[in-house]
Amino acid sequence: MTRPVHAAARGPVRADPPEPTDARSRRDSRGARARSARLLRSSWLVPALLTFALGTYGASRPGMWQDELATWASASRSTRDLLGMLHNVDAVHGTYYLLIHEWIRVFGDSLTSMRMPGVLAVTGAAVCVALTGQRLFGPRSGLTAGLLFAAVPAVSRYAQEVRSYALVAGAVAAATLFLFRALERGTWPRWLGYACCLTTAGAFHLASLTFLSGHAAVVLLRWRDGRDGRLPLRWLVSVTAAAASLLPLVLIGQRQLHRQLGWIERPTFAKTWRMWPELFYSVPVSLVLLVLALLPLLQRRRRPAVEAALLAVLPLAVLWAVSHGEISYWLNRYLFFTVPAWAVLAGAGAAALRPRLLTVGALVLAAAVGVPDQRFVRQADSHSWYSYPVAVPYGGSPSTPDFMGAGDVIAQGHRPGDGIVYSRGPWFDHYLDAGVRYALPRSLAMRDVFLAESAAHRRDLWTLECSNSAKCLGDEPRVWVVTLGSVPERTDRRLDGPDIKLIKPEIDALNQAYEVERTVQLRDVTVTLMVRR
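Numbering-wise, our numbering puts 21 at position 21 of the sequence shown, and it's gapless, one number per residue.
In case anyone wonders, no lab produced these hints; they're calculated from the structure.
There could be a bad hint or two in this list.
Unchecked claim - Pairwise CB distance ranges, derived in the manner of DEER restraints: (1) Leu236 / Val291: 35 to 41 Å; (2) Ser397 / Ser467: 26 to 32 Å; (3) Leu297 / Trp263: 34 to 40 Å; (4) Pro189 / Ala53: 30 to 36 Å; (5) Trp462 / Ala411: 23 to 29 Å; (6) Lys504 / Thr79: 38 to 44 Å; (7) Arg80 / Leu294: 48 to 54 Å; (8) Arg185 / Gly84: 43 to 49 Å; (9) His87 / Glu326: 18 to 24 Å; (10) Val364 / Pro189: 37 to 43 Å; (11) Gln521 / Arg61: 19 to 25 Å; (12) Ser486 / Glu326: 35 to 41 Å; (13) Leu297 / Leu83: 43 to 49 Å.
To be verified - Straight-line C-alpha distance at most 20 Å; calculated EDC-like pairs for lysine to aspartate or glutamate: (14) Lys471 / Asp508; (15) Lys504 / Glu515; (16) Lys501 / Glu489; (17) Lys271 / Glu326.
Keep in mind the model is a prediction, meaning the values are calculated, not measured.
Using N, Cα and C, we set each Cβ at its ideal position, and we do this for glycine too.
With the sequences and hints as input, model every part of the structure.
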């Protein structure tokens, strides 16, 4: 049996001398600097920071246009009233409305607060764009793709819109990244993450699921290379699981389809080509990205570029074809989710330029030519021009009315007992009341004189007007009349003019009981104070 040898028998143990404190601190400092350098060299950090900075810059400046006001008016209701409304209309936006409903409850309903989910979504999309570009083309391509994505004016535009389109783009970009990760190593957690991204994208906007056409093409190409039958099977399982979870929303949305989208025209030849600058909110930026996106397809090693091109082109082609059917989806905001894929392809083209100084030049050029458009999307009246830089279709105004100014005029001149009248005539007037209500202090309550039933009570987006205008007049000593456009001042102190969208019985009832005391003309909106005769 071997006897244990004690430490004393082995002789004294000599410990290494302690490392000097200054040497240890220098080593830790070098390690920290190395980690910081690696972080700064990563392809996603700088694009994410730039996208977030551009998204937050001027976020409170543009006024809300009618679609954003629909979001605020819906999300401000009680959960019960909101769910009741979604059963009748706008179910496809219900997930977003519920998100903003909870967001408002926690963070308030200031413009900056309500637009922050969009800012965070495009920031996440920039990360996914950079990482996808890195996986397909390398770190330098990922960095340039993320920077080009941040420089697109449409990214800032939808980041600062209280609608779901930025979140859709973020979910689609994340799904694309999860797809390539799953194609590299097809573990079920990666396919589960992919399925969750599909569900999220569809829940925020069902039309975005056309991006699956590009994904299907990439999966088939990879399957053809490896002939691994598990690859298409796992992809189909993920897609089926996402589709099953979205089926109730699809069924409700199908019932509301004509009411929601019946107004969108089919894409003619001219409208098809005009969509390209609309997609990026800039003519010069769209042309720069188009040239850069073509470059990788001209190189010898084209396979990654072909996959990226399929992701960018096929969803547009599918939506274009579907839009020639019963319902059209050909709107730039419905197609915004394709911009991340275009940024990946253009980033690869910019990174392939030689000498490398040309890559920097391409990035500077894309940013410089988009400066006027970046300025425009942050103007106070810019959001109503939703087809920028192409003229607004359907006779719409490219300028957002000054709802905040109208609210200030009324709040400053308000007296207890005042009533208010909103013009709710044509379709574009429907959110005039929401715009002014948002601008007014929440504590300021006035009777809506010609309102028979509120939109919340009707579980709808629109209100119901009184059928007998004269009987709806109360005993208010003064009434504020808010209309779009301009109202001429008359010497007889009557309310009249071609831009007044009130129906004739309402105008007659007002002129019989009241007379105009003063009129304030603002940008695309007029506030008229009428007092008892």
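To see whether the hints hold, each was checked on the structure:
1. Leu236 / Val291: 35 to 41 Å: holds (37 Å)
2. Ser397 / Ser467: 26 to 32 Å: Given a distance of about 29 Å, which is inside 26 to 32 Å, the answer is holds.
3. Leu297 / Trp263: 34 to 40 Å: holds (37 Å)
4. Pro189 / Ala53: 30 to 36 Å: holds (33 Å)
5. Trp462 / Ala411: 23 to 29 Å: holds (26 Å)
6. Lys504 / Thr79: 38 to 44 Å: Distance hint for Lys504, Thr79 holds at roughly 40 Å.
7. Arg80 / Leu294: 48 to 54 Å: holds (53 Å)
8. Arg185 / Gly84: 43 to 49 Å: Roughly 46 Å apart at Cβ, these two residues keep to the hinted range, so it holds.
9. His87 / Glu326: 18 to 24 Å: holds (23 Å)
10. Val364 / Pro189: 37 to 43 Å: holds (40 Å)
11. Gln521 / Arg61: 19 to 25 Å: holds (22 Å)
12. Ser486 / Glu326: 35 to 41 Å: Roughly 39 Å apart at Cβ, these two residues keep to the hinted range, so it holds.
13. Leu297 / Leu83: 43 to 49 Å: Given about 48 Å between the Cβ atoms, the range holds.
14. Lys471 / Asp508: Holds, because 12 Å separates the two Cα atoms, which is no more than 20 Å.
15. Lys504 / Glu515: holds (16 Å)
16. Lys501 / Glu489: Cα-Cα ~16 Å, so holds.
17. Lys271 / Glu326: Distance ~17 Å between Lys271 and Glu326 Cα, so the pair holds.
Hint compliance for this structure: no hint is broken.
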